[in-house]
Each structure stands twice: as structure tokens, then as C-alpha cells.
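In order, the protein sequence lines correspond to chains S, C, Z and P.
Going by full-length UniProt numbering, the letters in the first sequence line up with residues 1 to 221, in that order.
Going by full-length UniProt numbering, the letters in the second sequence line up with residues 1 to 221, in that order.
Going by full-length UniProt numbering, the letters in the third sequence line up with residues 1 to 337, in that order.
Going by full-length UniProt numbering, the letters in the fourth sequence line up with residues 1 to 337, in that order.
Just so you know, not all the hints are guaranteed correct.
[Stated by the list, open to error] Listed below are the simulated DSSO-like cross-link pairs for lysine-lysine, each with C-alpha atoms no more than 27 Å apart in a straight line:
hint : chain 1 : residue 1 : chain 2 : residue 2
1    : C       : LYS33     : Z       : LYS3
2    : S       : LYS127    : S       : LYS79
3    : P       : LYS147    : S       : LYS129
4    : P       : LYS180    : P       : LYS147
5    : Z       : LYS147    : Z       : LYS241
6    : P       : LYS147    : S       : LYS175
7    : Z       : LYS3      : P       : LYS147
8    : C       : LYS190    : Z       : LYS3
9    : Z       : LYS2      : P       : LYS3
10   : C       : LYS68     : C       : LYS79
11   : Z       : LYS241    : C       : LYS79
[Said to hold, decoys possible] Covered, in the sense of this in silico footprint (three residues per stretch, anywhere, with C-beta under 8 Å from a C-beta of chain P), are these stretches of chain S:
hint : stretch
12   : 7–14
13   : 84–90
14   : 178–189
What the hints contain is simulated information worked out from the structure, not anything from laboratory work.
Quick caveat: nothing in here was measured; it's all calculated off a predicted structure.
Note that CB positions come from ideal geometry on N, CA and C, so glycine has one too.
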Amino acid sequence: MDRIGKPELAGLFQRLREVFSQQREALIALDGKVGDSDLGITMNKGFIAAHEAVLAQLAAGGTDGIGKPLQMAGMAIAKAAPSTMGTLTATGFMRGGKALLAAEAIGTAELAAFWRAYHDGVVERGKAKPGDKTLVDVLGPLLQSLEASAAAGLPLREALVQAEAVAAQALEATKTMTAQHGKAAVFREKSVGLQDAGATVGHLIIQAMRDHVVQAHEGQS
Amino acid sequence: MDRIGKPELAGLFQRLREVFSQQREALIALDGKVGDSDLGITMNKGFIAAHEAVLAQLAAGGTDGIGKPLQMAGMAIAKAAPSTMGTLTATGFMRGGKALLAAEAIGTAELAAFWRAYHDGVVERGKAKPGDKTLVDVLGPLLQSLEASAAAGLPLREALVQAEAVAAQALEATKTMTAQHGKAAVFREKSVGLQDAGATVGHLIIQAMRDHVVQAHEGQS
Amino acid sequence: MKKFLNEPEAFVDEMLEGIYAAHPQQLTYVADDKRCLVSVARQPGKVGLATGGGSGHLPLFLGYVGRGMLDGCAVGGVFQSPSAQQMFEVTKAIDQGAGVLYIYGNYTGDILNFDMATELAEMENIRVLSVVGNDDVASSVQGEEHKRRGVAGIFFVYKAAGAAAEEGMSLDEVTRVADKARLATRTMGVALSSCIVPEVGHATFSIGEREMEIGMGIHGEPGIRRGPLLPADAVVDEMLKPILAELQLGQGSEVAVLVNGLGGTPQEELYVMYRRIHQVLGGQGVQVAQVHVGEFATAMEMAGASISLIKLDDELKRLITAPADTPFFRQHPQAGR
Amino acid sequence: MKKFLNEPEAFVDEMLEGIYAAHPQQLTYVADDKRCLVSVARQPGKVGLATGGGSGHLPLFLGYVGRGMLDGCAVGGVFQSPSAQQMFEVTKAIDQGAGVLYIYGNYTGDILNFDMATELAEMENIRVLSVVGNDDVASSVQGEEHKRRGVAGIFFVYKAAGAAAEEGMSLDEVTRVADKARLATRTMGVALSSCIVPEVGHATFSIGEREMEIGMGIHGEPGIRRGPLLPADAVVDEMLKPILAELQLGQGSEVAVLVNGLGGTPQEELYVMYRRIHQVLGGQGVQVAQVHVGEFATAMEMAGASISLIKLDDELKRLITAPADTPFFRQHPQAGR
Ligand SMILES: Nc1ncnc2c1ncn2[C@@H]1O[C@H](COP(=O)(O)OP(=O)(O)O)[C@@H](O)[C@H]1O
Ligand SMILES: Nc1ncnc2c1ncn2[C@@H]1O[C@H](COP(=O)(O)OP(=O)(O)O)[C@@H](O)[C@H]1O
Ligand SMILES: [Mg+2]
Ligand SMILES: [Mg+2]
Ligand SMILES: [Mg+2]
Ligand SMILES: [Mg+2]
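In isolation and in its complexed conformation, chain S is listed as follows (with noise of 0.2 Å):
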């Protein structure tokens, strides 16, 4: 599979809410230790709320483009999961999917322009820079490996293991940092060790993105 076509988004969207679905309790914990444990609430609930507003948008039918039903998934979630990630996340899928609305497919260049516009829509709302312990040190990274994979015209299934792997390691290296938003900032020093909960949240999603695409690759080989 190099492209991700509209039909396809039910099955997507499928694994992301079983993904958040089983990290549930997993993301109550890494929440809960410099946080108020509802990350892993939150996010359960918003994936659901995304997948079946996925599959409304898809039953009904209609020639819009493929962001449409990423845009409805991002208000689907800011209604579900109000919460600082849930937020983000919305504002995420609203922004990506806004950017694919001409768009039929995704293909590498077109998940680049959706996390282009993930990111910039996260930081504007947020307000966080680079190194403060958030969602934006996965989606940095995860950015510029993509950006870079779509200038060098690499496969999406490629592009999307090199982002995985980008993002995991973007992750591990939230440990090293001070958390200065959120309810994370009040912990201060505390927070250093930890691998921050909304960037883990970020690596999720492009981490079932990858599994979705090179899943269905295997299946077609």
C-alpha cells in the first residue's frame, strides 16, 4: 500500500482506537505521575469518538476529499476529550485534515503536509517550543523526517518507518527534559527521568499509522 485511500480511514482509525483502547491504563500511570491520570481517559474516549465520527463521514457518502473525514474526526474528538491533549489532538486532525481537503489519497507527501499542519495548529494553540517537554518534541522530529522522506520521494511505507523510529526516539529523549507547561510544570525537577505522557500520545499515532500501512503491505505481498 503507498497510498492511504478514504476507505481505508475506517480501518486506520479502527487501530487507533484499539490502540488507545489497550494503552488506557498505561497512560492513566504515566500520567498520574506528574499529572492528573486522565490521559489515558481522555485519549480512549476521543478515538472512539473519532473512529465512529470516521465512519459517519465515510457512510455518508459524498465526493469531498480524504481530509474531510480527518477534519470531522478532530471535532469529534475537541467534543469527546476536552483535555489539554484531547484539545491538541483535535486541533491536530482539524488543521491536518484541513490541509488534505483537495487531496484524494495520502501518499508521503500528503502525510507530510498533514503533520506540517498538526504541528504548526499544536503550537499555536499551545504555545510550547521545542524542549519544553511536550506533544511538540515527538511532532518536531516526526515533521522533519517526514518532510525530508517526501522531498526525497521515499515510498510512504518507508516514510513512515523512518518517522516511527524518529519519533521513538524524539520520545526517549523527553526524558532528559524539564516540563515547563501543563500541570507536568508544577513538578519541575521531578519531571526529569520521565517520558512525558502527551508526546508518548504523539508517537502512538504515528506508530499506528506506520503499523496500518505496513500491516496492509504485508497482507498485499
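Add chains C, Z and P with the ligands to chain S, keeping to what the hints say.
Just chains C, Z and P with the ligands now, with coordinates in the frame of chain S:
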């Protein structure tokens, strides 16, 4: 010692104070089973106040009979311990003291008169009947014993030894009764098998009187 | 013992110092004794209303001293009766020549002392009557109502009697009203955790992590049954059952409702309970004229709640909805629900 | 989990059903969404005041919707922000053409959503301004006030802004007043036990049987120091110190005081604390114009308390003491302390 004179009240109330200080936790525990755990606290407070009131009354001198300091003890208990047992004990000492206003010292006849008034005051105020599992179930037998001793002309020491024994037995008998009054009443059947807390206080008072007289006697002999 | 206190022995007096410091325009004390609390305002000719009882139940008892409710309160130690002398001092201070009504809960210690205080007051030619709250349906069976404890429902008795006195009714009339309110009120409680008496220093009773006790009293007196904590709706249904039966509520009856937290239960949960009460009453065609949800009669930090209903006639409705302004309870004119 | 609830997921909506059932003459909702709560009364031409935030803090946030305070509130899940859409629905409903002021606490989730809601409102030509409460001195150092959490002190901001809107001030004026109240307010909290989020089902944090945490936030955010539970007076002294220093209170300053229970602490203990506050303020010649003791901003069943002070000038004093009538806060005209 065949009579308790006015100056010896200081020692008697010192002893009562000590008894209720020592029995504090035991009475808390006893009242805790079918009550509110306050009995040890209130009796402790009550007899500290009674001792001090008696000392003050004795220090003031005056030619009053032995009843006056006993009344003052009762009033002090009323103020310091306005619980059920505090108020009943206060009523007992006030009424008992009133009965001895003209007496110079306490012999067997005076002791019987004291406890007659004590008993009647408690019954008038609390309206408990024999068998209701209250203080009254010790006061009744105790009084009968003392009145019999007085009629028989027994010396104070013997009268007290007998009265204490009767009270101890009567206290034991409360175990078979079902509580009808106060906080214990709601426990009904659960109260069966347990020794009544208020009756225990009645027994402790007569026991302290006996010990006071017996010990003074041994000191003399 | 997780409490904000200094010396446990000083707890009640320090609390009272805080009360007087916070409400100097409304509350003061007499006889040089902080535990003899009276309203600053005196209304000449008005029947005096006094209450009294142990501390540890705020807003009970002293919190309802103020305009439209009570005139004075004798304050006891935690879960302890105040003394007869203290009650008598309050009585003397609030009597305006029209006599004084005592409204208090059915506890032996309080009864003994209020009886003594009545004798003291009568010696000074102050006419005193008493109404003894016994709203707790869990504390004794029907036919033995005189053995029942007084709990949160006494709030309605204070409110009705207070408004009646404010209207200028005589002592006998105010007493009639108070007694009518008492007879029309029923309460049922449920406890989830124990309280701690400061001077005792440990929990009054123990209860399992997933247990509740239906019918428990506000000092931890035993209830009707202990069992696994049920869903809120089931708990409410069980609590309402005897209340509805005894008050003989039906189509067209009108009530006021009090959902009372015992001290450790969040208000959110009380509203979850009220939701169910409202459903059940609505289902039976019972009209709700007024609702109070919050803390009205607590047991220190006990987790738990009680539900009180008062069946209203026109007179009680008028009095219950009349304005009031006390440190712990304020109701604007024309306060419906 | 010792809670009165049915399904944990239904907790907030069932609580809201209880709220609407109990206060039908005061509160209703819009957009067919119970979480979009608004006052029944509309005052034409008045600046609209909206708030919003997580549930689990009653009376915060919705409890202050009513005459003399707020017009609407977007209600979130327990400790969760409501959504931007919900805030926007409330905004549309309460706007009377004079614009809307958002007053809410400084939490990232709330900020993100209120910012989104502002954008939505502006697209509909509703002018919206925001004042973000950040009264918690424990949550960041001086000079970094923008990082501080908003806690119970927001009550004073609501009260001042609500009275200002009631007086007919413009959006800019009401905002000026709200901001003045915000800048004049400081809060410090202390926690003795954890709370339980229904959907999580266990304690948010653990704390020793004889420990306290000074400066803890109302969601269990870490405080300044954890240590053995000290006597109440020492706790109060430690809490007051930074407040007094930052507000630069001295001889002749005038303040209003809020002693707030976090949910599991008996009111008796809050008054023991107020006693000490009164002593300390009196010792420094600070005048107390008004005192509130009770629950104003809770953290479910958390045992603990917070102290808030607002330094008053004539304008703030007038607004703070103006009457109010909301489901959770009533103040008669001419209410002094
Ligand atoms: N201003 C911000 N910009 C971007 N990400 C942020 C910001 N503040 C917090 N985050 C991210 O949000 C995560 C916490 O998310 P969440 O649990 O939803 O927060 P909350 O429970 O406080 O609403 C953090 O781990 C961090 O990655
Ligand atoms: N009406 C009554 N008459 C006589 N004694 C009573 C009566 N009611 C209770 N008592 C006695 O009081 C004891 C309890 O005393 P106390 O702990 O002071 O009661 P409370 O704590 O309820 O005020 C009981 O064990 C019983 O002996
Ligand atoms: Mg979180
Ligand atoms: Mg007792
Ligand atoms: Mg007692
Ligand atoms: Mg959160």
C-alpha cells in the same frame, strides 16, 4: 474508721478522681460497645471537677454539715460532665448531699440516707425501671443492702464491704439484661451479654468508698 | 487523626472563638461563657427559641441562630450535651417576656439537661416548653416513635417555628407549629465511613472499604442493616421507602426535601441522590415545594448522607419558605425551590 | 471507592440532572446539552459572565450562576475541561449584546478551550474578553504569577465582576474590575488526604496517616512541602505568610477572607483555622470587612482547606458586599461579616 468526717472527704474524692482517671480507657471501651465511647472521658472530667469543688468547699471552712461539699461535688459534675451519666451522677450527689446537710459525718445510717436520695434522684430524672439495664440496677440492690445494714446497726466498714459485694453482683447481673434507655437501647439484643457501662460507674463509686474506709481502717489497726 | 486542631481539649472552644470572630454582627454569648451562644439581635415580645446539643454537627446546632430561625444555643463538647446551667443562661438571655421554646434532639443526655434547665427557668418565672425532634425512622419502629433519634429533620422544625415566632405567634402557637413540623418530618441516613471525636483520637467505629450502613445515626449509632455499598439509586430507594410509607405521601401531596451530607461526602454525590429522589417523588405524583441540598447536620468527617422529607400543609409551606438569615443558612424572600 | 454513584461514566450528567431538578427556577441549559448551564433569568443589556471548568469542585463552578454573580457555566467531566463548543453555546445564550467576560482558572485544558470558544464567538460577532484566575501562591514563585493555578480565590473575582455587571458597567469596566479583584487575591491550600476521581476509582495520590501537604492544588497537584501534620495554628501561620507578604497587608489594610474546605474537612475545623487567621490579621492591624467560612471550591472528598484573602479598596468592598442569590451562595443586602 467508723465514720467519714468532713476532712476525710478530701481523701475520698482524691480516690474517686484517681479511680476514674485509671478507669478512663476501660470505660471508653465499655461505652464504645453499645454507646458513644465518652463515658471514660466524662467521668474523668467530672471527678476532677468534683475533687476540686470539694477541696474548695473544705478550704472555705464554715460550719456547714458534711452534705454541703457533697452537693458542691454534684454541681461541679453537672457543669463538667453534662452527659447522661454525668447528669445522673451529679443529680445523685446533689440529692445525696442535700439529705446530709445537717449531718456532721457519715456513718452507716447516713450512708444509707445518702444513697436513698441518690437513687431516688436518678430514678426521678432518668425514669428507668429496675431491669432496664442502667445504673439503677446497681443502685437498687446497693441501697437495699445499706438500708439493711443500717437497720442491723452494722459498722460502716462492714456495711460498705457488703454493699460493694452486692453492687458487684448486681453489676454482673446487668449482663443478662436488654438495654432500654440511652444509646445502648438501639442495640437491643446486641447489648445482652455486655455489662452496663453506667452501672459500672455506680459500682466503682461504692467500691472507692469501701476501699477508702477499709484502707483507713487498716492504717489505723 | 487527620484534623486541623490544636489541643483536642480546646477544639470546641477554639471553634467557637472562630465562630464569634467570623460572625460578630450576628452572634455573641452570655454569662461569660462562649458555650452560651445567642443572637445579637433581640426582637421585643418575640417568643424565644433555643436549642442545644453536642458539637461536631455544624451547621447544627448553633448555625441556625439568626433572623427567622433561633435565638440561642447551648453548645456542648463534641457529641456531648451542654449543661443545664448553660441552657438556663441562654434561656434567661433570650426571653423577651413571651416565654421560650426548646427545640432539640431526642438524646438522653440532652433531655436530662433540658429538663433541669426548665426547672431552673421556671424558678425564675420564665415559661418554657419543649419540642423534642425524633425524625430518624431508622432508630425505632413505628409505634415507638418516642424512642427515635433527632437528626437533620430538626432543620424543618427550626425553620417553621422560627418563622412562626417571627410572625408574632404566642409560645403555645409556636409550640403547636413546631410540633406539627416535627410530626410531619421523617429522616433516614446512611453512612460510609466513621468519624473521629478529637478527644478520643480514633474512628468511632469501623466499616469495610465497600460497605455502607443504612440507618446509622449522626454519632455512629447502629443502623438497620450493613451491607455492600449499592449504586446510588438503590441506596436512595431503600432510604425513601419507610419515609414515604410513614408520611403516607401520594398523588398531590406536597413536601420539602433536605438532602444532607454528613461531612465527608461531596456535594456532587448529594445531587446524584437528589436526582433519584426527584424521580421517585415525581413518579408518585408528589409535589416538591422546596429542596435543600448540602450540609445541614453533620457528623464531623463522616462520609454519608441523610434524606429528610416534611409533608407540607399551607401553613407549614408558608413558614418553611419564609426568609431567614443565619450564619449557616440564608434564604431570600420568596424562595421557592 | 466510597461514593454514592451509579455508573462512574454517568456521574457528572446525573449530578447535573439533580442540580436542574433541585433548582428549576434558577438554572437551565441550552443546546440540548446539560453541560451548557445558564441562568434562567436574563437581564437585557447586562454584560454576560461565563465560567467553566471541570466537575468535582462544587460549588465551583456552576454553583455561582445566579443573580449578582454569573450567567452561565460550561461544565466539564470530573477535573476535565468542558469543550470549546459547549463554552460557545453558553456564550451565545447569555450574550445580551453587551459582550461576554470569561472568568476561569489557569489550567492548560481550560485555556485552550476558552481560546477556541473565543474564536468561535468572534465569528458570530460576540465580543469576548477573558480574566484567568491565578490566585494560588503555592503553584509558582513571584514573578512567575502567570504560571499559577486558579483556585478558591476566583470566588472573589466572580463576586466583584458579578456585582459590577449588575450595576450596569460595560464589558471593559467589568473586565477591569475582575482583573483588579484577581490581582488583589491570593490563596494557599493544604491537603490531608486524596480525592478519588469516579472514573479512575482509586485515590489520586497517597499521603501518610500523619502527613499534610502544604500548597497542594485542588486536583492533587503537588504543593510546596510535605511533612508531619502540625497543630492548626502552625498550619495557618505557614499558609498566611506568603499571602500577607505578597499582598503587602499592614496597619489599616482591609480584606475579605475565605476559608474554604476541600470537601472532607468538617466546618468545625475551618472555624478553628479562622480563629487563628483573625488573630494574625488583628495582630497586624488588618481590618476584616467580610468573612466566608465553608465549602467554596472543593476537590471531591479531599480533606484539607485553603485560605484566600482579597485586599479591598472602596470599589471592591462595595462589590464584594453587594447582594447575591445563587444556588450555592446567598448574601442578603447589607451583608457585612
Ligand atoms: N502548552 C502545551 N503545548 C503542547 N503540549 C502541551 C502543552 N501543555 C501540555 N502539553 C502536553 O499535554 C500532556 C498532558 O495532557 P493531558 O493529560 O491531556 O493534560 P491535562 O490533564 O492537564 O489536561 C503533557 O504531557 C504535554 O505533552
Ligand atoms: N434513663 C436513664 N436512667 C438511668 N440511667 C441511664 C438512663 N439512660 C442511660 N443510663 C445509663 O447511662 C449509661 C450511659 O452513660 P453515658 O455514656 O453518659 O451516656 P451518653 O453518652 O449517651 O450521654 C448507660 O450505661 C446507663 O447505665
Ligand atoms: Mg492529564
Ligand atoms: Mg456514652
Ligand atoms: Mg455521650
Ligand atoms: Mg486533565
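Hints versus structure:
1. C/LYS33 x Z/LYS3: The hint holds at about 24 Å.
2. S/LYS127 x S/LYS79: 21 Å, holds
3. P/LYS147 x S/LYS129: Holds - the C-alpha atoms of S/LYS129 and P/LYS147 are around 16 Å apart, at most 27 Å.
4. P/LYS180 x P/LYS147: Holds, at about 18 Å.
5. Z/LYS147 x Z/LYS241: Measuring from Cα to Cα gives roughly 20 Å; hence the hint holds.
6. P/LYS147 x S/LYS175: 22 Å, holds
7. Z/LYS3 x P/LYS147: 31 Å, violated
8. C/LYS190 x Z/LYS3: 32 Å, violated
9. Z/LYS2 x P/LYS3: Satisfied, since the Cα-Cα distance of roughly 20 Å is no more than 27 Å.
10. C/LYS68 x C/LYS79: 17 Å, holds
11. Z/LYS241 x C/LYS79: Status violated; Cα separation ~42 Å.
12. 7–14: violated (count 0)
13. 84–90: holds (count 4)
14. 178–189: holds (count 6)
In summary, the structure is inconsistent with hints 7, 8, 11 and 12 from the numbered list given earlier, while agreeing with the others.
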